[in-house]
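Asks: Below are the chains, spelled out letter by letter.
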Amino acid sequence: MTTPGGTVTGPVDAEPELDVPRRTSPLAVVFGLASPDQLRTLIPLAVIALSSGEVLIVAAAIVVVLVVHGVLSWLRRTWCYADGVLHLDEGVLTRNQRRIPIDRMQHVEIERRLRHQIFDLAAVRVETAGGSGAELRLDAIPRREAEALRARVLAALRSEQVHDVAGAAASQPEVLVRLPPGRLLLAGVTGPEVAAILAALAVVFDTLIDIGVGADEVGSVQTSTFGVALLVLAAVPVWLGSAALVGLVRRWDLTATIEGDELRVSYGLLRKAEFVVKTQRVQDVRISRRLLLRPFNRADVRVRTAASGSGEQSRVDIPLLDDTEIERVLARVLPDAVPLPALRPAPAAARRRALVRGTAAGLVLALPAGLAGVFVLGPVGAVLLVAAPALGLWFGEAAYRGLGAWYGPEPRLVHSRTGALTRNRAIVPAGRVQSGVVVSTWFQRRRGLSTVRLDLAGGAVAVVDRAEPESSDLLASTL
Amino acid sequence: MTEPPATPEPPGMTRPAGTPEPPTTGLVPLEHRVLVLWRVRAAIVVVTVLVPVAVVLAVVASTAGAIAGALVVAGIGGGATWWWTALVWRSWRFEVGTDALQLRHGVLTRRSSTIPYHRVQHIDLEAGPLDRRFGLTSLVLRTASASSDSRVPGIDADHAAQLRQDILDLVGTGDAT
Numbered sequence: 001m002t003t004p005g006g007t008v009t010g011p012v013d014a015e016p017e018l019d020v021p022r023r024t025s026p027l028a029v030v031f032g033l034a035s036p037d038q039l040r041t042l043i044p045l046a047v048i049a050l051s052s053g054e055v056l057i058v059a060a061a062i063v064v065v066l067v068v069h070g071v072l073s074w075l076r077r078t079w080c081y082a083d084g085v086l087h088l089d090e091g092v093l094t095r096n097q098r099r100i101p102i103d104r105m106q107h108v109e110i111e112r113r114l115r116h117q118i119f120d121l122a123a124v125r126v127e128t129a130g131g132s133g134a135e136l137r138l139d140a141i142p143r144r145e146a147e148a149l150r151a152r153v154l155a156a157l158r159s160e161q162v163h164d165v166a167g168a169a170a171s172q173p174e175v176l177v178r179l180p181p182g183r184l185l186l187a188g189v190t191g192p193e194v195a196a197i198l199a200a201l202a203v204v205f206d207t208l209i210d211i212g213v214g215a216d217e218v219g220s221v222q223t224s225t226f227g228v229a230l231l232v233l234a235a236v237p238v239w240l241g242s243a244a245l246v247g248l249v250r251r252w253d254l255t256a257t258i259e260g261d262e263l264r265v266s267y268g269l270l271r272k273a274e275f276v277v278k279t280q281r282v283q284d285v286r287i288s289r290r291l292l293l294r295p296f297n298r299a300d301v302r303v304r305t306a307a308s309g310s311g312e313q314s315r316v317d318i319p320l321l322d323d324t325e326i327e328r329v330l331a332r333v334l335p336d337a338v339p340l341p342a343l344r345p346a347p348a349a350a351r352r353r354a355l356v357r358g359t360a361a362g363l364v365l366a367l368p369a370g371l372a373g374v375f376v377l378g379p380v381g382a383v384l385l386v387a388a389p390a391l392g393l394w395f396g397e398a399a400y401r402g403l404g405a406w407y408g409p410e411p412r413l414v415h416s417r418t419g420a421l422t423r424n425r426a427i428v429p430a431g432r433v434q435s436g437v438v439v440s441t442w443f444q445r446r447r448g449l450s451t452v453r454l455d456l457a458g459g460a461v462a463v464v465d466r467a468e469p470e471s472s473d474l475l476a477s478t479l
Numbered sequence: 001m002t003e004p005p006a007t008p009e010p011p012g013m014t015r016p017a018g019t020p021e022p023p024t025t026g027l028v029p030l031e032h033r034v035l036v037l038w039r040v041r042a043a044i045v046v047v048t049v050l051v052p053v054a055v056v057l058a059v060v061a062s063t064a065g066a067i068a069g070a071l072v073v074a075g076i077g078g079g080a081t082w083w084w085t086a087l088v089w090r091s092w093r094f095e096v097g098t099d100a101l102q103l104r105h106g107v108l109t110r111r112s113s114t115i116p117y118h119r120v121q122h123i124d125l126e127a128g129p130l131d132r133r134f135g136l137t138s139l140v141l142r143t144a145s146a147s148s149d150s151r152v153p154g155i156d157a158d159h160a161a162q163l164r165q166d167i168l169d170l171v172g173t174g175d176a177t
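Line order of the protein sequences matches chains B and D.
If you read the first sequence in this note's numbering, its first letter stands for residue 1, the second for the next number, and so on.
If you read the second sequence in this note's numbering, its first letter stands for residue 1, the second for the next number, and so on.
Think of the hints as simulated: they come from the structure by calculation, not from any bench.
Every residue gets a Cβ at the ideal spot worked out from N, C-alpha and C, and that includes glycine.
The reader is advised that the hints may include incorrect statements.
To be verified - Anything over 12 Å on all C-beta distances counts as not near chain D; from chain B, calculated: (1) P26; (2) L75; (3) P173; (4) G227; (5) D253; (6) R357; (7) A372.
To be verified - Away from chain D, derived, C-beta distances all over 10 Å, residues of chain B: (8) L114; (9) R143; (10) A348; (11) V376; (12) G436; (13) L479.
Claimed, not checked - Just some of the chain D residues that point at chain B, by a computed CB distance under 8 Å: (14) A100; (15) T114; (16) I115; (17) P116; (18) R119; (19) H122; (20) A144; (21) D149.
Make a model of the complete structure from these sequences and hints.
Replies: The structure is reproduced here in structure tokens:
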């Protein structure tokens, strides 16, 4: 441990020794039993238990098996970190010994859910590049061990880049962005929480109406459509309010810090997460402008690494940044990308393709519904039949306007923007592209268009609908 | 990317004396054996699917019309498969170049892939029982990206081992990620 300033540690009395094999916390057994994965495996077992006559006996047997398996696998699971290699030995029947050399690690993440915070524990996830299962997770280890492990990994990664002495010396933490609570509330209202809460609310609403039908006290309200409308109206503030609250709790005190070449993003009130990535390991950065937020000039920034899996393991989102904040983050993560170049629009042929696609999609979606509507609703159905292709046309135009690309030998970056409603601009350093392919469907070839797909470790980025000489040139100059 | 594209033999990538040049020069098609292999494979699938159906039809609806209909459908399906495999086979071109593998293939959706050797993590040679009967092997370059389109579906088995060695000699050092 050369740089103690590299971690957000509490008071450290003695550095924990990590080179002796050790078990995770015994509480990992309890956490494991209650984990969603475990519950998912329980569902088929529960079905078996219910379908067989002896529900209690089968259920008890299942619980015993799970507990015994949990304890055994906890006993078998030991880890240590020695000489730049992280060791994990585990497995009851199939024994598994994993060794991850430090220079293969993409990033280290410490996660502290509420249950971890109560017992002063932490979960650590180490990501490596590559296909599937290339990650290592320690579910519950003492917080101090987790922080010591991360500090050691980061210190080793730092000493690996000896030539980068200047950067290491100037490793004064610098806060890039800290989101104020107001913006976190907004993030909740505009983020993925909204849909989830709407679904939950629909269930509540449904039961409320069911209850209302039975009871006479509220009787006059629920039978009239006016009453239902009133209920819906009352539900809207509850819906948006709880979405905002969830957003606030989930991303509480979201802070992006840069220290030397480490980007650190920490957030959360109940589940505290801290994502640390070496900027050299960043695969691409994505700037998403959602339709609702475009007038406010706010965008979400997503930083991706080569880690396995398509989910949250390999990326971190910093929501609702304005242009100067985006440039500040980019300047440290992908310095070449600043200032952001203006994108070249897709050729006119791409607009015709987008319009045809949009209208066709509108027709396909509207025809069955619209025809049924004409018979049932009469004129309203006819309006639907006309409106859908018009909407499709508008969508096609929006999709075309979303297209844009920039690439250059200097700097060696590719920018690609796609999306009708949410416009995503991916920024890819050419040095990160593993391989590439120019794809043209039959419809594209008719218009002299093609799409370039750039394969990255842990994902791909498409540059959609470019005219032919440009596609090949883009690929050739990128690889 | 690190090599100047114009020079055929970049410095620092000299192959040991005695190993032959990369054996394909320019884009070459797949061997005719590959087409035969694909047709045999398709025939196996068609037979395993259609024979039970035909048997069931013969037992359940043992009218001459139903059986004739099934035969016609089988004939059309077989003919279409025969024709389609030829189209796919004819669309294939590949080149084992000096710094990258180039693939061109696809009938309706055309793909033109480039896999630079310095990105290669490892190389697989894959041959199932049927492939071995035909003396063919698939050559797959694995990069750090799961989505790379980097499979040459049928190369002479002896030639494939040689190609793999040639490519490995060109991969160079570095961790390629």
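Asks: Against each hint, give a clear statement of whether it holds in the structure.
Replies: We went through each hint and held it up to the structure:
Even its closest Cβ contact with chain D, about 37 Å, leaves P26 (chain B) beyond 12 Å, as expected for a residue assigned away from the interface. L75 (chain B), annotated as away from the interface, keeps every beta carbon of chain D farther than 12 Å; the closest lies near 35 Å. Distance check for P173 (chain B) against chain D: the nearest CB is about 27 Å away, which clears 12 Å, and the non-interface claim stands. At the 12 Å boundary, the C-beta of G227 (chain B) stays outside the reach of chain D, the nearest C-beta of that chain being 53 Å off.
The non-interface label for D253 (chain B) is consistent with chain D: the shortest C-beta to C-beta separation is roughly 33 Å, beyond 12 Å. Every beta carbon of chain D lies more than 12 Å from that of R357 (chain B), the smallest distance being close to 15 Å; the non-interface claim holds. Listed as a non-interface residue, A372 (chain B) keeps its Cβ farther than 12 Å from every Cβ of chain D; the least gap is roughly 33 Å. With a closest Cβ-Cβ approach of about 34 Å to chain D, L114 (chain B) is found to remain outside the 10 Å limit, as its non-interface label requires.
Here R143 (chain B) stays apart from chain D, with its beta-carbon at least about 31 Å from theirs, past the 10 Å limit. At roughly 22 Å from the closest C-beta of chain D, the C-beta of A348 (chain B) stays outside 10 Å, upholding its exclusion from the interface. Against the 10 Å criterion, V376 (chain B) stays outside the reach of chain D, whose nearest CB is about 38 Å from its own CB. The beta carbon of G436 (chain B) sits about 5 Å from the closest Cβ of chain D, which is not more than 10 Å, so the claim that it is off the interface is violated.
Listed as a non-interface residue, L479 (chain B) fails to keep its Cβ farther than 10 Å from every Cβ of chain D; the least gap is roughly 5 Å. Proximity of A100 (chain D) to chain B holds as hinted, the smallest CB-CB distance being about 7 Å (cut-off 8 Å). With a cut of 8 Å, the hint placing T114 (chain D) at the interface with chain B holds, because the nearest CB-to-CB distance is about 5 Å. Restraint check, I115 (chain D) versus chain B: the minimum CB separation of about 4 Å is within 8 Å; hint holds.
Here the hint on P116 (chain D) is kept, as its CB sits about 5 Å from the closest CB of chain B, short of 8 Å. Annotation: interface hint on R119 (chain D) holds; nearest CB of chain B at approximately 5 Å, less than 8 Å. Given hint, H122 (chain D) at the interface with chain B, is violated; its Cβ is 11 Å from that chain's nearest Cβ, farther than 8 Å. Hint on A144 (chain D) holds. Least Cβ distance to chain B is approximately 4 Å, under the 8 Å limit.
Hint status for D149 (chain D) relative to chain B: holds, with the closest Cβ pair at about 5 Å, below 8 Å.
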